[in-house]
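Number of protein chains: 2
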Amino acid sequence: MKNYQIKTGSKLILSRFDPDDTGKYKKTDQDKEKAQIVTTQLISKLSELQERLYANGNRALLIVLQGMDTSGKDGTIKNVMSSVNPQGCKVVTFKTPSAEELGHDFLWRVHQKAPAKGQIGIFNRSHYEDVLITRVHGLISDKVVKQRFNQIKEFEELLSESGTVILKFFLHISKDEQKERLEERIRNPEKRWKFNEGDLEERKLWENYMDAFETMMAATSTDQSPWHIVPANRKWYRNLIIAHYVVNALENMKLKTPPAPAGINFDTLKIE
Amino acid sequence: MKNYQIKTGSKLILSRFDPDDTGKYKKTDQDKEKAQIVTTQLISKLSELQERLYANGNRALLIVLQGMDTSGKDGTIKNVMSSVNPQGCKVVTFKTPSAEELGHDFLWRVHQKAPAKGQIGIFNRSHYEDVLITRVHGLISDKVVKQRFNQIKEFEELLSESGTVILKFFLHISKDEQKERLEERIRNPEKRWKFNEGDLEERKLWENYMDAFETMMAATSTDQSPWHIVPANRKWYRNLIIAHYVVNALENMKLKTPPAPAGINFDTLKIE
Chain B
64 MKNYQIKTGS KLILSRFDPD DTGKYKKTDQ DKEKAQIVTT QLISKLSELQ ERLYANGNRA
124 LLIVLQGMDT SGKDGTIKNV MSSVNPQGCK VVTFKTPSAE ELGHDFLWRV HQKAPAKGQI
184 GIFNRSHYED VLITRVHGLI SDKVVKQRFN QIKEFEELLS ESGTVILKFF LHISKDEQKE
244 RLEERIRNPE KRWKFNEGDL EERKLWENYM DAFETMMAAT STDQSPWHIV PANRKWYRNL
304 IIAHYVVNAL ENMKLKTPPA PAGINFDTLK IE
Chain W
64 MKNYQIKTGS KLILSRFDPD DTGKYKKTDQ DKEKAQIVTT QLISKLSELQ ERLYANGNRA
124 LLIVLQGMDT SGKDGTIKNV MSSVNPQGCK VVTFKTPSAE ELGHDFLWRV HQKAPAKGQI
184 GIFNRSHYED VLITRVHGLI SDKVVKQRFN QIKEFEELLS ESGTVILKFF LHISKDEQKE
244 RLEERIRNPE KRWKFNEGDL EERKLWENYM DAFETMMAAT STDQSPWHIV PANRKWYRNL
304 IIAHYVVNAL ENMKLKTPPA PAGINFDTLK IE
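Listed in order, the protein sequences are those of chains B and W. Take the numbering used here: the final residue in the first sequence is number 335, and no numbers are missing along the way. Take the numbering used here: the final residue in the second sequence is number 335, and no numbers are missing along the way.
Keep in mind the hints are simulated off the structure, nothing from the lab. Predicted model, so just to flag it, every value in this text is computed and none were measured. Don't take every hint at face value.
[As the list claims (entries may be wrong)] Restraint-style ranges between C-beta atoms, simulated for each label pair: (1) W/G226 to B/E164: 22 to 30 Å; (2) W/K267 to B/D330: 42 to 50 Å; (3) B/N121 to W/E114: 50 to 58 Å; (4) B/E264 to W/G226: 53 to 61 Å; (5) W/K158 to B/K74: 47 to 55 Å; (6) B/G201 to W/Q99: 57 to 65 Å; (7) W/E114 to B/E264: 47 to 55 Å; (8) B/T159 to W/S161: 52 to 60 Å.
Positions of the beta carbon are idealized from the N, C-alpha and C atoms, including for glycine.
Please model the entire structure based on the sequences and the hints provided.
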């Protein structure tokens, strides 16, 4: 499997990453099908591993999904995470902060939603919006941006030192692909409800967003909490890559069946 | 499908309900398989309907699961709800209240966890523990129990009037079946971690619990928020019955594709 993880401190040039990349798979129906079979296997592995994560209740996994509108954050959750036991999986969608949330530092509402031990937490958008949309619209100074990068790193270090494995995914689509996906929402009456006029305004700022993503990922990809640039023009490849990294992270936890409670002699125990 | 819903104000005699009931299905491998096929179809219908519930974002579904230890609350969530998009499904497991929670009325922590519009909320145990375990252990007076029944009914009425459909399931197993399930946890080293010595203490109070369940369901089953007594000795039949009622409730919402946002002329809209 090709590596999409950003190394700590590496110089990052986003334009060098191809959103249309499909790794060792060709862009044919046959290879797409091959990839989908592997994805299905990974998803079934994922749901087994998640049961064990839940049973042990001593580690957590946090998945952060970022990307432009239509890049497939919702689709990833639906396709990769839908076979997981919902008892051990919590999705948090971060929207425009409420008045109460704005009364606190930007990590306040995020910290509350960090996954508990035993859980997979999925952030659909996250604290990274606070160094993306705010930056692109000039709502915060460069000094504050830098400060926030540090605050984010320290926050994620706290989670990581407390047993949470963090995986951050940037769903990388091309500007043309976004055009097609937006046009599909316009064309297809069944999909029009998904259309949001605001998306067109953000689209005009595409280059500024790419710059902001580039700087942000270079500044906040660490060994404990790495960013992955996922080629996301092809949904089937995007699903495969994400399923791969999630399974890999859970396997690396080396979770076993939890131990039996101590102090009980199971051999002589009788149920009346 | 046989009806397991408790009618409002009906005299309820729990001992008349057979935990081993399998309705029109025989207790043969062949009929079990038949039931499982129907369940699979219902689950696939459920995940479609849930997408629509989420898309519309104007109704919610609250599923309350109660039952004795080992009655299959976790198993129901795993087996019936695991194909649902976790973005639209939140499971809340209510444990012993924290000191902060005890500082408030018993519905305070529950209200906070009520499902938002667009969501399926699943309560694994619930506010009903506050008229069950507390009652069986003599921690609250009969007067308080009656008061709480009213408070619960009014609370659920508030949710229901705000667009939440409520389904309450009592997973009904026999005392013998619990014995077998506890023994399996003792016998099988892979399952010992699930064993909790406290369960044996509660088991001694079986009859008291049955009385408490009986009174509680008779007092709090309403047309808007009905209790169902689910025969749960056979896991495959339990799954079928619950999947049936959940799908039925979602179908009754008559959810359509949400309307397109107003004020946009989709025919002339162009993406740059």
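Hints violated by the structure (listed by number, smallest first)
2, 3, 4, 7 and 8
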